[in-house]
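Trainee: Below, each chain spelled out in residue letters.
2 protein chains.
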Amino acid sequence: MKRPTIHDVAAAAGVSRGTVSRLLNGDKYVSPAARVAIERAISETGYVVNRAARSLVTQRTGSVVMVLSEPHEKLFEDPNYSTTIRVAIRMLAERDMSLVMMLAGDEGDRDRVVRYVRGGHADGVLLMSTHAGDPFVDALQSGPPAVSCGAVIGRESLIPYAAADERLGGRQMTEYFVRQGRRRIAMITGPMDTPGGIQRLEGFADVLGRKASKKLIAHGDWTQASGERAMTELLARTPDIDAVFVASDLMAAGALAALRAAGRRVPDDVAVGGFDDSSVALLTHPPLTTIRQPLAEVAQETVRLLLALIDGAGHVDPVVLPTELVIRDSA
Amino acid sequence: MKRPTIHDVAAAAGVSRGTVSRLLNGDKYVSPAARVAIERAISETGYVVNRAARSLVTQRTGSVVMVLSEPHEKLFEDPNYSTTIRVAIRMLAERDMSLVMMLAGDEGDRDRVVRYVRGGHADGVLLMSTHAGDPFVDALQSGPPAVSCGAVIGRESLIPYAAADERLGGRQMTEYFVRQGRRRIAMITGPMDTPGGIQRLEGFADVLGRKASKKLIAHGDWTQASGERAMTELLARTPDIDAVFVASDLMAAGALAALRAAGRRVPDDVAVGGFDDSSVALLTHPPLTTIRQPLAEVAQETVRLLLALIDGAGHVDPVVLPTELVIRDSA
DNA sequence: AAAGCTTCTGTGAACGTGCACAGTAGCGCC
DNA sequence: GGCGCTACTGTGCACGTTCACAGAAGCTTT
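In the order they appear, the protein sequences are chains Y and Z. When we follow the numbering used here, the leftmost residue of the first sequence carries the number 1, and every step to the right adds one. When we follow the numbering used here, the leftmost residue of the second sequence carries the number 1, and every step to the right adds one.
Derived by calculation from the structure, the hints in this document are not laboratory data. Each hint should be verified, as a subset may be incorrect.
[Claimed, not checked] Restraint ranges, calculated between C-beta atoms of paired labels, are given here:
# : chain 1 : residue 1 : chain 2 : residue 2 : range
1 : Z       : 46        : Y       : 58        : 17 to 27 Å
2 : Y       : 133       : Z       : 135       : 25 to 35 Å
3 : Y       : 142       : Z       : 192       : 52 to 62 Å
4 : Z       : 223       : Y       : 57        : 46 to 56 Å
Note that the structure is predicted; figures quoted are calculated from it, not measured. Each residue gets a CB set at the ideal place from its N, CA and C atoms; glycine is no exception.
Based on the provided sequences and hints, a complete structural model is requested.
Mentor: What follows is the structure, given as structure tokens:
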């Protein structure tokens, strides 16, 4: 049993291919009589347009490729991805477009992505958490429009993006500590080649100025274990810390474990602030005071930018959305 | 600047389309001389095959669609998804195939999936956590091969699957409690229309037999809050519980909170066992004794089954992989 | 009544590929 | 020398769609 083609529909409706095609593609100039006949024929035959044939002539694929740059299994922990995936699928589906996923973990992966995109197999590219200095970003320039969810460090002006105002978030948490009268405020940052790593620290420094000494800053890699390690290090360096701003909830969970091991009470001895407001924040004891990022809105804006570019907008401006302080028990 | 076609490559190499096509598709009968000439021409022109044109004639798309059935934002919590996505992308990429994502949350979504698949836009379907009695599973029968990651309740013989041996996992945890001399062992299950909900309870009942009374069983919906609620309920009904097997780590985290609120010590007064060995298990205090599922292997087997079917295997057998007890501090 | 506009329709060509087929050349064998 | 075999190559057609164009029919304007 072969699948019905536009020919079959046209025959069943007693019109020509052209008329059916016009109806399908929303052209005006289709008579009411033809319209109903065709619509009936479509539902009778169960016709579905053949995208391959269509894209062969339109040079469009009706799909967007999402490129996941995290090298290893980090995706595991990050609600950011799943939210963005869902939002993207939903928004694309409204336009009858589909989302293709690709990995860009190693050299081979990146080659494949570039070949795929250059080969014209996608109408747009959606970058996720691309690292600073990733060379393949430049290779993408010549192809279809690309945007990033979160800024691409060093390529802010090349790749449009939507992102949370990470720096604002850093300020919000630090200001909260200051308002509470904390005197020795430390920070555990993320990796310094990611926007979250850099900008959350900038916010911290904005508020503390010269008081943000190197001694009070330690670096993690987003993992729980690295948070624990960094906290231990900070306590050894500066035992009289009374607050610590940790650049992610997961690392903050690690920091809590280190504080518990060192016999410090939270928040009485040391206040702890996280970042992300992920599900982790409710799992720790005590629950984390943290910074909420508008993940869904960021995802939505990212996709909106991409669709605008696909629709022919020559240029779009980056979108930065405000974060929000969520107060729980850890600070 | 137009993209080079197979024509351009043929011209540059001084051969005909047919020969280039043969080389591309791994046919034998290409002379060494032609081979090197074509390979040079390909890299010189930067040629990439046009998939649309190819699938128009081969009736294959080179893509698999992954259907996410969770209605809401559950994906958030579940490492299962991200692992499966990664494994699937990787395995498909090896065959130069791509992964398309679709949602099947509501009626409209499911219609779209069925249209997409029926329209011949995918060579295979990969179902994720499809619920019991989901009608659209039957609608998929007439299309390309479909498999499921995890059994589809009530459709086990229709849709091939790979899954962890959830029932074994239930037995392992319950037996561990028994060996430890626990006398009043309770269970918090998942939703009873999911394999994890049903089969983990079956394992529990396998071991306890008549001792698994209704009074000792409460139901959750995988969320942390539902775990907390269920635990509170159990304590009210049967205060002398000395062990509880919770069907997911996240719910177990909720149960721990309820136990803490009730002043019970873990594991001294009450032993707690989780399921999944997700990142949550290391976040709780104390860290959870739990059941590890071979997620990556399950994902791998699922994709393997699908590829076998796509390659023409008429029938494949379901694959069930063993779970493993991971002992930490909560039991 | 001719001309021009609007609304609607049908038709041929083109998109880039794989596949079936025909065909060529070289070689060994009776 | 004719035959069959192997190794290789080129060509025409089909896949299902969109798009540009030509043209018909009905109306209004000149």
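Trainee: Kindly indicate which numbered hints from before are broken by the structure, ordering the numbers from low to high.
Mentor: 2
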